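K.L.:
What follows is each chain in one-letter form.
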Amino acid sequence: MNALLVVVGVLFVMNIGLIAAVLALARQVGVLFERISPMGALTLSGGPRVGEAAPLLRLRTLAGDAVSVGAPGVRSQMLFFLSPTCPVCKKLLPALRALDVAERGRLEVLLASDGEDAEHRAFWQREKLGLPYVLSAELGLAFQVSKLPYAVVVGPDGRVRAKGLVNSREQIESLLVAEELGVGSMQDYLSRSHAVVE
Amino acid sequence: MITLQGAFVLGGVARLAMAVIFAQAAWHALRDVGAHAGSVAGYRLLPHWAVMAAAWALPLLSVAAALLLVVPVAAHAGAVLGLALMGVFTAAMAVNVQRGRVHIDCGCGGAQGQRISGAVVVRNLLLLALLGVAVRFPAVGVLDGVALVGVAGGGLALAALYFAGSQLLANRAAFQHAGFVA
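First to last, the protein sequences are chains P and B.
Residue numbering for the first sequence follows my numbering, starting at 1 and increasing by one per position.
Residue numbering for the second sequence follows my numbering, starting at 1 and increasing by one per position.
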């Protein structure tokens, strides 16, 4: 009886130890993958693909100006989808303002959201956004925005150049780099460089 | 025919494993309730005013289930509460997998950055079966030494297996998301 108890106990300790080792290995694989995996904005499926024409929409900003999305023009457009209740969006607002100032000649930054007019107007004034802000459920649906903050870059030719979920300044910049390089996203870039290696 | 003590061990293993799993999930959620609220909102099943309340209530109920499960006299109530909670979680997940919203955060502990998927739904169905075992085999009688070691070892091993499995599922989802095949 006593021997049985010891044997069972020892077996369980070994068993749990082995499972713990598997868990630790799996964790390490996950962490390693995070380190080496795409660092750019994450492209979610849905909406017009990179290279396809952006839906053409004529909208009005909170300030009352008319803007069009997807219309051929001189400058590229960055549509930044946000919501007043999203903390990460707020964190990125200074980066967007800086981007707007630095790239004004070639890039038009447009903030986009949907919902109640008063709520967004209050948010717009409270944060002193100063950037054009449009409220349009249609716009979000057209690009199938499912997670915020989300950004889309539309080229001067009215085609989608880059898009993705953006959680940091680097990821916003990655979209502009993607536009310059002519690749849709970091994943796209990586799969191309993998294809070259293979 | 299974003896009373055998039934206790079988149920005990299931109860201890589920207690650990619920406790870890609750700890994961309560450590950062704001982030957990984000996960709850991601399921798009609740009106926005109910999200914060649910983000608090679900992990607190999980704590209650975990505590009840390890007290023999309350174990049955704990198993039933656990079954209800896990049923809700699994249904919410299945609805979103059905909707094709597999990019949302699971918010369920187990592994870091777990997204929902068909595989995670299957994992939860296995947990529901385990809770079924906990309900079916009540904690009646007294455990001797070997049985006690069996319950402790089996329960902890099962819980550890769940964490390792969840981590592997999360890794696989991350690989697929990035376009790697694994």
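Simulated from the structure, these hints should not be mistaken for laboratory data.
Computed from a predicted structure; not experimentally measured.
For every residue, glycine included, the Cβ atom is placed at its ideal position computed from N, Cα and C.
Hints may contain errors.
Pair by pair, the computed Cβ-Cβ distance ranges are [claimed, not checked]:
#, chain 1, residue 1, chain 2, residue 2, range
1, P, Gly115, B, Met52, 35 to 43 angstroms
2, P, Ala66, B, Arg172, 29 to 37 angstroms
3, B, Asp144, P, Val22, 29 to 37 angstroms
What the simulated footprint calls covered on chain P by chain B, stretch by stretch (three residues with Cβ under 8 angstroms from a Cβ of chain B suffice, anywhere in the stretch; the number is not a length) [what the hints assert, rightly or not]:
#, segment
4, 7-21
5, 25-33
K.L.:
Confirm or reject each hint.
P.N.:
Each hint tested on the structure:
Judged by the Cβ atoms, the range 35 to 43 angstroms given for glycine 115(P) and methionine 52(B) is violated: they are separated by roughly 18 angstroms. A hinted range of 29 to 37 angstroms for the beta carbons of alanine 66(P) and arginine 172(B) is inconsistent with their spacing of about 48 angstroms. Range check, aspartate 144(B) to valine 22(P): about 31 angstroms between beta-carbon atoms, so the 29 to 37 angstroms window is met. Here's how the segment 7-21 of chain P fares: 9 of its residues keep a CB closer than 8 angstroms to some CB of chain B, so the rule of at least three is met and the hint holds.
Coverage of the segment 25-33 of chain P by chain B holds [criterion: at least 3 residues with CB-CB distance below 8 angstroms; count 5].
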